[in-house]
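Colleague: Spelled out, the chains give:
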Amino acid sequence: MLFHNIKYNTLASVREKSIIFWLMLFPVILATFFHIALIGVYDKDILFNTIDVAVVEKTENPNFKKVMDSLSEGEDKMFNTTFTDEEKALKMLDDGDIKGIIYVDPKLSLSVKADGLDQTIIKSFLDNYSVTESVIIENALNDPGSIEQVAAAFSQELKANEQLKLSDGNMNTYMTYMYNLIAMVCILGTTVGTDIARRNEANLSTLGIRNCVSPTGKLIKNFAGLISGCIVQTVCTMIAAVYIVFVLRDDLGIPFPMVVLTAVVGSWMGVAIGFFFGTVGKFSDGAREGLAIAFSMILCFLSGLMVGDMKTIMMEKAPWFNNINPAALVCDALYTLNVDGNYDRYIVKMLTMAAVTLVFTLLGFIMTRRKKYASI
Amino acid sequence: MAQTVVKIDKLVKRYKDLVAVDHLSLEIFEGEVFGLLGPNGSGKTTTINCLLSLLSFDKGDIQIFGKNMSPTAYDIKKDIGVVMQNVAVFDQLTVYENIDYFCGLYIKDKAQRKKAVEDAIAFTGLEDFVKFLPKKLSGGLLRRLNIACGIAHKPKLIIFDEPTVAVDPQSRNKILEGIIELNKQGATIIYTSHYMEEVEQICTRLAVMDKGRVIAQGTIDELKTNVKCSETVTVEARELDEQTLSEVKALEHAFETSYESGRLTVKYTGGKHNVVRLLNTLQNKNIHIGRVSSEQPTLNTVFLELTGKELRDKE
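In the order they appear, the protein sequences are chains A and B.
1 is the number of the first residue of the first sequence in this note's numbering; add one for each residue after it.
1001 is the number of the first residue of the second sequence in this note's numbering; add one for each residue after it.
Worth double-checking, as some hints may not be accurate.
Said to hold, decoys possible - Okay, the calculated bits of chain B under chain A, using three or more residues with CB under 8 Å as the criterion: (1) 1076-1090; (2) 1095-1105; (3) 1201-1209; (4) 1229-1243.
Unchecked claim - Just so you have them, the derived chain B footprint on chain A, three or more residues with Cβ under 8 Å: (5) 255-266; (6) 280-290.
Source of the hints: derived by calculation from the structure; they are not laboratory data.
Ideal Cβ placement from N, Cα and C applies to all residues, glycine included.
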C-alpha cells in the first residue's frame, strides 16, 4: 500500500508541469545565467591572465632581460614579452596587441594607453623590481658580505605575503551564488510539499475527497506523499548540482558527495515546509502554490540569491534569522564546507536543517490529524 | 425484508447560523437505487459528506452496514464507492494509472486489483483510452473515468453525487444505464440530483429535500399519489363564456380551473375519464376545440405542491 502510494505520487509529481519548470528547468536556466554573467566576469576581471607587453631596450640590462624571460615561460607565465624597437612597440600598443611598453633606459619606465588591472600589475611589477634591484645593487657595492642576508630578507618578505588557503576549496566569490542557487532549488521543494497536502486533504481538492473516503489511512497517504516528495525534490536538486559541476564545470570547491548530502537534507527541509504550508488556511490551489513559491523566493532573497550583500546585511541586522532561514542554512552549509576545512560548523548547519525538517513535518502531521472537516 | 444499508437518524449540520441539514432521517435498503432529489443548496451534498464522515455534524447518528460510520471506519469504507460531482483524478496520470491508483487504495492484492481495474475499464468503455491523460479526454469520457475510479473496487454501496452535471445527453444516458447495471450486479446506489427526470428514470425510492429537510420520501408512485393534483387537462378553446366556465368548475374532481389566451387548464384531485367529461361539456356548448393534453403529476408537481416553488430553476 505504501509503495503503491509512493509510486503514483512520484509519477504524478514528475509529470507536473510546474514542478518540471520551477524545479528542473528554472534552476538550470538560472545556473547558466550565473555562469555566463558572473563566472565570465570573474574569469575576465579577477582571475589572473597573462599580460602582453613589449620591452624597448634603449640600454641593455641583462638582469632585467633574464627576469622578463623567466616570467614569460611556463603554463602560468605572467607576461608575453616581445623585445622590439620603439616604433614597432608603439604600433603594437596602438593596435591593442600589448597592454604596455616597458622602456629600459636604463631606468625602467612604462607607457600605457589605458587604465586597467593589467596595466596596474605591470606598474607594480616594475616598481617592485626597481626597488629590489636597487637595494641588492647598493648592498653588493657597499657591503658585499651582506648580500646573502638581503636575499634572505626578500625571501621572508615574500613568504609573509604568501596566500594561505584554509582548505582545498575554491574561494571563488561567485560560487556563493551557485550555493544560493542550490539552496533555492531545495527551498522550492515547498511546491512539492504543498501538493502532498492538497492531494490528501478533503477540504483542499476533490482529489483529497476521493483519497479521504478510501480505507487507506491518512497517515500512510501523507507519509507516502512525503517520501515521494523527497525523492522528486532530491532528483531535482541533483539535476541542478550535476548541471553546475559536470556540465558548466564550475568548481563548487566541495567534494561532490558532500554537495549531494547537503542537497538531500535541504530538499527534505523544503518539502517539509511546503507540506506544513499546504495544511494551513483555506486558499485556492493556485494561491497556495503562489504563496509557496513567493515564500521560497523571499527566503532565497534574504539569503543573498538576488543581492549578494543581503547575507551580510541580514547577519548584521538579524543574525538569529540567518541561523534559521532554510535557504541560508543550505547555502551556509556548503559555504562552511568550502571555507572551514573542517566539519564543525557544517554539522551545526546540517543539524539545524534536520531540526527544521522535523518541526515542519510534525506540525504538518498535527494539522492533518483532524478526522473531519467543518466545511468542504 | 431487505437489509438496511444506510441509516441516518436526526442529522443536523450547521454552518454558523445556516442550518444546512435539519433533523434529517433516512433509511436505505440493500439493492435500492435511492434518490436524493432537491434544488441546488437543499443539503444533498452536505448530507452525503456527513454520511462519508468527511464533514463534522452537530447532531445525529449515521450507520452504514449496521455499524457506526467514522473517519477511521476502514472496514466500512472499503465497501463504499463514491463518484463526486467534480471529476477527481490525477491530471498527470493516464486513464489506467488513475484507476489503478484509486483501486489500489482498496485492494492490496496485485492480481485481484489488475482484474478489478480491467473490469472497470470494460464497464465504462474506456478500453481505447487507457494510455490517455485526462486532459485528452472529452467531457463524457472524463466522467466515465471519474466513475471508473469510484467503482473499480466493486463496492457494495455506491454514492453518485450529481454525476451528470454539465454532461451531454448521450453521455448522460450512458451514465444512467451504467448505474442501473451496477445496481443489477448487486450494488446499492445513492443518487443525488436536481434533475427529476433522471431520478424518475432510475430510482426505486427517493427522498425530496428542501432547505436541509426531507419533505417527502417513498417510491415515485407513492409520492405522486399523495399530491392533491392527480391530473392536469389542458384544452385549446376559443370564446368561453362565464356560464361554460362555471359548468367546468363544477365538474366532479376538478379543484382548480384557469382560462388564459384561449387555453383552458383544469386540475383534478382524482377520478377517471376526466378528459371525456370535460370535452363533452364543451361540445354541448358548441365550443370549437383545438389541441387537448392530459398530464400526470411529475416530481416537479410534487415539489411544487410541497414547497410552492419549482424544483429546478428555468434553464
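Colleague: Would you mind marking each hint as holding or not holding in the structure?
Modeller: Results of checking the hints against the structure:
1. 1076-1090: holds (count 10)
2. 1095-1105: Three-residue rule met by the segment 1095-1105 of chain B, so holds; n is 6.
3. 1201-1209: With 0 residues close enough to chain A, the hint is violated.
4. 1229-1243: It is violated: at least three residues are needed, and the segment 1229-1243 of chain B offers just 0 whose Cβ sits closer than 8 Å to chain A.
5. 255-266: The restraint on the segment 255-266 of chain A is violated, since only 0 of its residues have a Cβ under 8 Å from chain B and three are required.
6. 280-290: Contact hint for the segment 280-290 of chain A vs chain B: violated, 0 residues under 8 Å.
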